[in-house]
Amino acid sequence: MLNKKITRTCAAAVTAMGIALGASGAAAQDEDWAQIEAAAKEEGALLVYSTTSRTAKAAENFSAMTGINVEVVRLGEQDLIQRTYQESVAGVHDVDMVVAEDWVAARELLANPGYMINYVPPTARELFAEEDKDPLVLGYIGRVFGYNTEKHPDADPLSSVWDLTTEEFRGRVMIRDVAITGEHQNALTEWVRRSDELAADYERRFGKPLEMTEDNAGLEFIKRFLENDAIIMTSDTKISEAVGAPGQDNPPYGMFYVYSKHRDAPLQGLKISDSRAIQPTLGYYYPIVLQLSANAKHPNAAKVFMEYLSTMEGFAPWADSPGVYSPNPNQVPFEGDMPLSWWKEKMWHYDRDFAAENRGIVLDTWLKYAQR
Amino acid sequence: MRTAYNRFRMSLTPQRILSVLFIIGLGYLVIVPLFLMLRETFIVHPLERFQIPGSQVGELTLAHWKRTLFSENAYAFFYHPLLNTLKIAFGMSFLALAIGALLAWLVVRTDMPMKGFIANAAIIPYIMPSWTLALAWITLFKNERIGGDQGIFSALTGIETPDWFAYGTFPIIITLSLHYFPFGFMLIGGALRNIDAQLEESAELLGASRPTILRRIVMPLALPAIFSTFLLTFSRGLGTFGTPAFLGGPVREFVLSTSLYANLIGQRPGIGYIAAVAMILLGVLVLYMDHKIIGTRRSFVTISGKGARAGLVALGRWRWVIAAGVVIFILGTIVVPICALAIDTVMLRPGIYAWENFTWHYWIGDASLNIGLGTGEPGILRNSQLMSALGNTMKLAVVVAVVTGILGILVGYAIVRMRGNWISQALDQMSFLPYLMPSIALGAIFLAMFAVPRGPIPSLHGSFLLLVIVCTVSYLPYAVKAGVSAMRQIGPELEEAALMAGASWWTRMRRVMIPVQKSTYFSGMLLPFISVTRELSLLILLVTPATQLATTITLRYTDRGWYPYTNGMVLLLIIIVVTSTVISRRVMGTNIAKGLGG
Chain A
76 MLNKKITRTC
86 AAAVTAMGIA
96 LGASGAAAQD
106 EDWAQIEAAA
116 KEEGALLVYS
126 TTSRTAKAAE
136 NFSAMTGINV
146 EVVRLGEQDL
156 IQRTYQESVA
166 GVHDVDMVVA
176 EDWVAARELL
186 ANPGYMINYV
196 PPTARELFAE
206 EDKDPLVLGY
216 IGRVFGYNTE
226 KHPDADPLSS
236 VWDLTTEEFR
246 GRVMIRDVAI
256 TGEHQNALTE
266 WVRRSDELAA
276 DYERRFGKPL
286 EMTEDNAGLE
296 FIKRFLENDA
306 IIMTSDTKIS
316 EAVGAPGQDN
326 PPYGMFYVYS
336 KHRDAPLQGL
346 KISDSRAIQP
356 TLGYYYPIVL
366 QLSANAKHPN
376 AAKVFMEYLS
386 TMEGFAPWAD
396 SPGVYSPNPN
406 QVPFEGDMPL
416 SWWKEKMWHY
426 DRDFAAENRG
436 IVLDTWLKYA
446 QR
Chain B
248 MRTAYNRFRM
258 SLTPQRILSV
268 LFIIGLGYLV
278 IVPLFLMLRE
288 TFIVHPLERF
298 QIPGSQVGEL
308 TLAHWKRTLF
318 SENAYAFFYH
328 PLLNTLKIAF
338 GMSFLALAIG
348 ALLAWLVVRT
358 DMPMKGFIAN
368 AAIIPYIMPS
378 WTLALAWITL
388 FKNERIGGDQ
398 GIFSALTGIE
408 TPDWFAYGTF
418 PIIITLSLHY
428 FPFGFMLIGG
438 ALRNIDAQLE
448 ESAELLGASR
458 PTILRRIVMP
468 LALPAIFSTF
478 LLTFSRGLGT
488 FGTPAFLGGP
498 VREFVLSTSL
508 YANLIGQRPG
518 IGYIAAVAMI
528 LLGVLVLYMD
538 HKIIGTRRSF
548 VTISGKGARA
558 GLVALGRWRW
568 VIAAGVVIFI
578 LGTIVVPICA
588 LAIDTVMLRP
598 GIYAWENFTW
608 HYWIGDASLN
618 IGLGTGEPGI
628 LRNSQLMSAL
638 GNTMKLAVVV
648 AVVTGILGIL
658 VGYAIVRMRG
668 NWISQALDQM
678 SFLPYLMPSI
688 ALGAIFLAMF
698 AVPRGPIPSL
708 HGSFLLLVIV
718 CTVSYLPYAV
728 KAGVSAMRQI
738 GPELEEAALM
748 AGASWWTRMR
758 RVMIPVQKST
768 YFSGMLLPFI
778 SVTRELSLLI
788 LLVTPATQLA
798 TTITLRYTDR
808 GWYPYTNGMV
818 LLLIIIVVTS
828 TVISRRVMGT
838 NIAKGLGG
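Line by line, the protein sequences give chains A and B. Sequential numbering from 76 applies to the first sequence in our numbering. Sequential numbering from 248 applies to the second sequence in our numbering.
Read the hints as simulated data drawn from the structure, not as lab findings. Positions of the beta carbon are idealized from the N, C-alpha and C atoms, including for glycine. Treat each hint with caution, since some may be false.
Claimed, not checked - Quick list of the computed label-pair ranges, beta carbon to beta carbon:
id: 1; chain 1: B; residue 1: Pro700; chain 2: A; residue 2: Asp428; range: 32 to 40 Å
id: 2; chain 1: A; residue 1: Asp304; chain 2: B; residue 2: Tyr326; range: 16 to 24 Å
id: 3; chain 1: A; residue 1: Asp304; chain 2: B; residue 2: Val583; range: 57 to 65 Å
id: 4; chain 1: B; residue 1: Ile822; chain 2: A; residue 2: Asp395; range: 30 to 38 Å
id: 5; chain 1: B; residue 1: Phe282; chain 2: A; residue 2: Pro321; range: 53 to 61 Å
id: 6; chain 1: A; residue 1: Trp108; chain 2: B; residue 2: Pro700; range: 38 to 46 Å
id: 7; chain 1: A; residue 1: Glu410; chain 2: B; residue 2: Asp613; range: 25 to 33 Å
id: 8; chain 1: A; residue 1: Pro321; chain 2: B; residue 2: Phe605; range: 18 to 26 Å
id: 9; chain 1: B; residue 1: Arg596; chain 2: A; residue 2: Glu225; range: 14 to 22 Å
id: 10; chain 1: A; residue 1: Gly166; chain 2: B; residue 2: Ser302; range: 21 to 29 Å
id: 11; chain 1: B; residue 1: Val568; chain 2: A; residue 2: Leu342; range: 54 to 62 Å
Same shape as in the complex, but just chain B (with noise of 0.2 Å):
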């Protein structure tokens, strides 16, 4: 007995506790919501039962699975969507990957000047609502298609764009990766970071050139880096919704959230699910593929506690110019369309660019019914309802980004540490899992899931906590997929070394694990904390006038056309989120000059 209960005792090792609790805390935060989703497919929703006869609201069925997949119009309703999504998500998975590591690389591994500067930047994209480069393409190179102003390009040279550049796959999957390179920079930079400079010298004595060295050393260290940003880059591609519509639809180039969305909006949940369904599954074979690949890898132990700092490569006199190419890149997708955003807010009436028009009225001007738009709105920042919400989404922001960054040190540690074992596989596909759910489908699940008490969980309805909740699962795979590759590249020896001296495992990830890979979990909490600032689809069906975000409350001005309010909102946030950034940087002492910059 003695014997048995000590060895039971013995294999509660802290990785297997914490692979325990996670497992039955994601399992109802994602199992239940997802088998929920899957279950409505199988039903018969209110206005679906004109469609299927004889049928009765909340009777099982098959009509909606026959109807997609099988029937004479399948090739419309469902695979040419599907087609075009996964064009769409590979296509721009692998630019994004490519801009994204190219950046990292030139950042942390060259001697490039202006890092800093660059390295701040190129996360900008992503704060910025994924439409303004959309419309910023559209402004750019419309053709006569869609009528209204000539676009800019046209105006200047006298060349039509042909349809396929200016509508489409192209400029979606152009538009799409410039939007979302920042994940490559970011995770991808970390990686590189960490990679033990005494690889590469000893590879360099041995005469290795330096494309074989990137090729042969860098590019496999770096692979478990590379998979993470392709899968989250393509998962959000695989349910990007408002770019797609906005390019796609002059060309009648549709995806599968256009189906999702549809279904929804023509009240046939049961039907839009399916399209949902379809993108957890695309999503999940990637996510299967990168196992396969990384799974059956050695694992590449990159800090074994004996690590010198990687040495820079020299550009030579290159430097410059590749930076000025860099800074071009950044000024053409950065700022040009915040530039584009600002100007709208300082014009009295919209579209019309002279001085005359100029005004601060949209920022600090009195509520009036005669001065401009004619709001009767007050300047945003007197306007206190703005104000607080925005308040609200901070708030929201940082404390997903902390719990995130937490739970992503802790699960992504209990994945590599056990390695090998069916818990850490499920654990590391559960927690991707919420990432695949559409947004939309995933805020009205919840909802149902938290509207009333269910055991020993309170009605959460209407609180902050449940959208800290709702944010946290939703953004986990970010902060887990930083603290895989974190982990993963820390040796076993270092644990153990501190073991050996004594040290409890809270000392152990508090004064080892943590602060060696400091950079990448500080990526793995930014990316929620951007992401949080932006939500609006999951979040709109939970908050309440108390809860009121700054992108829920922005709704209200954008259907009514008041562009100045909503773009004013957009550029508080991006000031707000590059601030934070920059300061929390320094005190987490990941700051440029030793963190991205290598």
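Chain A with its partners taken away, still in its complex shape (with noise of 0.2 Å):
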């Protein structure tokens, strides 16, 4: 059975690098992208697993327009790469791309192995970035820092990320459980990459070196950050609503919960702002991925699916909110956001290969102060 297995394995690699050399060869820039159009119709249907909800108001757009039938399974982070994962082992090729988040685990299970390659659509080759191309992303998703309005109106309560573990925010930040966010240990990586970053920053607070206990200022703050009696949650949708609840005496801060939530601020009556002066960095950015399948069965109808996300039309079930960004710069960010430009440069994002090699250090830091 594992011979097997291993044949299977390699027989997926060799495929996987025939195509990945054709996409980034000769073929990405001389394809005939009306053959592809022709062969897409042809095809007709594509299995699309997405992490995203919208992806399925996406689908049907995008049928209505091009009449190739998209059927979207709906999966959480994880379960999405165990499936594709498992299913790519056993030789079961029914998916045509992915929609994917958590890319450090996503790689290495799927794109690594050879499972999922990635694929850049004409539109994202013109306009995209480098850096949104390997992988090729949909969209970012921002996390930020929030405090309540109400209880803060005038400034900004926060100015470093080391105040949350001071007595004066003393179990009163709230954070989604890093050990059961796969996206917020890959976010707290890059905290011990740029542990030096972090640790100027407490010198620039506080007026004097940050003493440790832990390697790094990183995981430093992650311990401080917990005996500083953090409030751990399991949903951001709870924590932005604690936040920006309207007559609270002594309401809580968040951390790390997805700037998205803020466009039903004013329908909910939500008194609440991110916070635009927490140095280092505001919160973090992280990528939703498109991956198409090594054996697609329908590998032009996913590429001009792909095609179709790169535009703006097809961004659209995404654009309407904050938070949530196109690498698209013909994108207009949500009415009161920024452009992802501002983000990039005032928020961290992580470093993948650093990432991949680090959050299990990450989880354990976690893990040892959190369950102690």
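Make the complex out of the two chains shown on their own, each in a separate frame, by following the hints.
Encoded structure:
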């Protein structure tokens, strides 16, 4: 059984390499788009696994436009990776493309073994920044720090992430459980990687050097944050509601919740704002990634759908809230929000290789202090 | 030769043939997954390799076990969550058992009024997703710690609830036992109903007091059902994730299931599955205790073919008071959460409880981007995808209930008739194992096992049959427990008499063994039926667009915060399940008047 598995893996890898070479080499330049579109029409249908439910909406619009039928199965981040991985290993190739998150894990399980390959459709090739092409990014999600504007009507109460570890914020900061949030784990590896900047910011804020018992400032933050009685939640919605609810004497603060929750704030009467003064990062952003199956039964239809998702029209279902950004530079930011380029300057992302190597350490440090 | 052959033929009793078949089947569906899971804990997975210096993916390693059990942080990684898990599992099992048993006794053995309503309503907490109760608790009792709008209790009384009351072990135990007490209600109710009244009458004639009769006669007779209930509830307590995470997180109370999820999400399955193995071992330990205690007792045969129905305990002038108490309890734990769900489905904009905000839009509205949440989704009842998913769920639930019901009777029969034999023990334990496996792990393993053809078994990937198999295996314990406790109470003389009269095995089962214990079997089928309607993590990896279920399709609304749709689907499920329960009770002749109602 193991032998068979290995043979299959190799076969998949070889095919993948073939296609990858084709895609990144000559074909990427000279591919005949008209031919792909014609072939897509003939294929007529495709199956997509997606972590975001808006893909279903985009698929509907796409089908209406092209007549190509798209089935979308909505899965959680890890379920998607797990399912695609297990099916690929078993040689079941039903899925044509995935809309995935937690690229650090997905790359390790799906792209590196060659089950999923990158493809850059014409619009993206022409307009996207290099860093948004491999893997092809559908959009970025922003996660922020937030506070209650009734309590702090005039000024942003946060100037450093280290504020969150001080007595004033004791038992007052909420975060979605890092243990069950893969992207939080990725994001915190960046705090490890940029420990020096983090330590420097401590000194800037408090005028003295950071004393550490952990290996670096990133892990030291995790420790101090948890020892400061951080409140661990299971949902971003609950965090933004708790932070923003009006009429509170002592409202909590939010860390790393999705900025898109601010969309409904006026509707719900929430008094909430994200911190634009906190240093050294305003939160973090991470990509939603598009990947083509190396063994897709409808590769052309998938390519045409990927092209559609790269256009502003295709991105429309995601464009109706702040905190979600297309790499397409023509995309106008949501009303009141800043463009992606602005955020990229002020917000940390993460290094994929470093994240893969270090997120275990981040998780262990988190568990060590959270479950003590 | 001939005699040897004859002896062989004679030994082919139905229970032996059945046992062997079940052992082979369960071996493949239970032992293989268990082995696969255990193997994962000794293997280096892609993201794990970075923390194990010099290791390669796929290599064998002891590092996961060392880290979890023996490292300097082992207390935080493993033992502390383990202790919390035990606290919660024991606490909720005892409380759920107490509530379930008391209600069962009141409904079956007393002349309490309003039994019909109470018996039907008492299963509803298990139909509702367990988070509804956790959510209700937070809404009622939260304090300043988690901010937001004031808790209703504090708003009304001005008293801030203490943290231990609002979050952590205490509310986790309360809400989980309110969710799981229907197990005890059904299983113990079934057992109580079958206790021969002559036993109690004899005791009464001999001068035994009520409490003595309860303690010396009723309790021992109901003991197998009590233990089954404990085992089923305890095991669920070990593996449950949502409620402990939601209520425990704010005060840092973590359980083993959090470790499992955290490490699966961290892509460290080798570490994660150790938590799963620990949960399974704990469950096996309780299963073993169950065997020690129940197994060494003489069996109590309570249906001897000459039994009389039990008389009802007269509660006298207290009967209305007690009924009122029970009804208030049910209103509090069932009606209030359901109403809270329902209200959200008719509020155009969430959280604004005003008449102008009332709408049927989320039920029967057209797809629109401008109304309410602006979802662009048609109302639930006009949404063909939701309706077909609901249809799939119901189809699956009925098929699984029938299949597990039949298997439960047969396995129960084999276990009881082969008692004292290792086969019986093996069957009993094997049939229970999948129930102990965390569904998130079981789903992934079944996906891997059935994605390709193996030997005579074709690839079942994406098929409805696979969903049936997975659910059947996973919920078989309910039916087997019911089957065993039912069969235990049937004296062999009933079957022997039928045998003497020349009845074939098939006729004996059909005319004797099954009819006399109808209501217990029915309870055994009802639990799988309800469980399937709510199952998500077991099936999420296995459904395809064609086999979408109510729970899997509802995900897309949950993660966008479109709760009117999520809640509406939950409500629909509750309505459908309760209605079909009432109808099927009638059809099966185990209706309230004659059945659970004593």
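Here is how each hint holds up against the structure:
1. Pro700(B) x Asp428(A): 32 to 40 Å: Holds, at about 38 Å.
2. Asp304(A) x Tyr326(B): 16 to 24 Å: For Asp304(A) and Tyr326(B) the Cβ distance comes to about 22 Å; the hint holds.
3. Asp304(A) x Val583(B): 57 to 65 Å: 32 Å, violated
4. Ile822(B) x Asp395(A): 30 to 38 Å: 33 Å, holds
5. Phe282(B) x Pro321(A): 53 to 61 Å: 56 Å, holds
6. Trp108(A) x Pro700(B): 38 to 46 Å: Holds, since Trp108(A) and Pro700(B) (Cβ atoms, about 39 Å apart) stay within the stated range.
7. Glu410(A) x Asp613(B): 25 to 33 Å: 26 Å, holds
8. Pro321(A) x Phe605(B): 18 to 26 Å: 23 Å, holds
9. Arg596(B) x Glu225(A): 14 to 22 Å: 21 Å, holds
10. Gly166(A) x Ser302(B): 21 to 29 Å: Taking Cβ atoms as reference, Gly166(A) and Ser302(B) lie about 27 Å apart, which means the hint holds.
11. Val568(B) x Leu342(A): 54 to 62 Å: About 47 Å separates the Cβ atoms of Val568(B) and Leu342(A), which means 54 to 62 Å is violated.
Taken one by one, the earlier hints fail for this structure at numbers 3 and 11, listed in ascending order.
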